[in-house]
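If you want the building blocks of each chain, they are given just below.
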Amino acid sequence: MKFGVVRFPGSCDDVDALQAAARVDDAVLLWHGDRDLQGVDAVVIPGGFSYGDYLRAGAIARFAPVMEEVTEFAHEGGLVLGICNGFQVLCEAHLLPGALLPNTSLRFIFRQVALEVVDADTPYTRACEPGQRLSIPVKHTTGRYFSPEPVRVVLRYAPGQNPNGSQDDIAGVSNDAGNVFGLMPHPEHAVDALTGSTDGLQIFDSIRAHVADRLPV
Amino acid sequence: MRARVLVRPKEGILDPQGQAVERALPALGFSGVANVHVGRLIELDVEDPSQLPEMCERLLANPLIEEYEIIEAIPAEAAS
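Residue numbers (the numbering used here), protein chains in the order written: chain A, -16 to 200; chain B, 81 to 160.
If you are wondering where the hints come from, they were derived from the structure by calculation, not from laboratory data.
Some chain B residues close to chain A (C-beta under 10 Å, calculated; not the full set): (1) I93; (2) D95; (3) L139; (4) I145.
If you're wondering where the values come from, they're calculated on a predicted model, not measured in any experiment.
Each residue gets a CB set at the ideal place from its N, CA and C atoms; glycine is no exception.
Throw the hints in and build the complete structure from the sequences for me.
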């Protein structure tokens, strides 16, 4: 399979996401100004500060040319993963419900957190067990998830670990269909024992397994 | 037309910026301050002010978490 990682002006975790994806299969960079997904099987919207986070985090990036293709791809059932700023972009683009607000502390937070897998029946968590814990870092200022409507929760911060005041300790949500997933923690930063955890690989492994099952043999 | 759009956190949504300002004012000796909220002011010249509500809905504000108010719309010449 082939992953495509979108690079916006201001993305900063695009290379880490590319390298993490490349550990499980092929991965290419996609340019924000191109209306071309290069035939990828899954799109990753990485972390960073797309378009300087002007106005609101993700508010400008959602109008990038590549996002027209990403939106169509998502509506056709394609896999779209948004990490941190990518999560904010997907919410602003209405591909995911809800919005991300400034952390209650008003501080930039960066720490390793424990997550609980709430829903292991998604293309992003099928390599996990329900209730399993994942150790993955967070680093953000605008990560307080809020939604006025009930949402499909995929990951929660473990009890006592909520770093930003997110509603119901929500760390990651998907759309109802399950093909679009966003999370504030950074699985691409947890793929090598050298940096403390390889739990993030399970997200990328899940995607590969999902795509492999769907591909004709 | 010169227009001003005021964007503020929706009622009921926790506003830590407003709370921080509300706590800071008494520290400077100002008393009797309550319900502080911090928002954003956007000023713009627009040829067709009737488009302003849609601009607000689609970009200037996120209606899920913010409310907006078009607080002034005056001719650009008079404003300068």
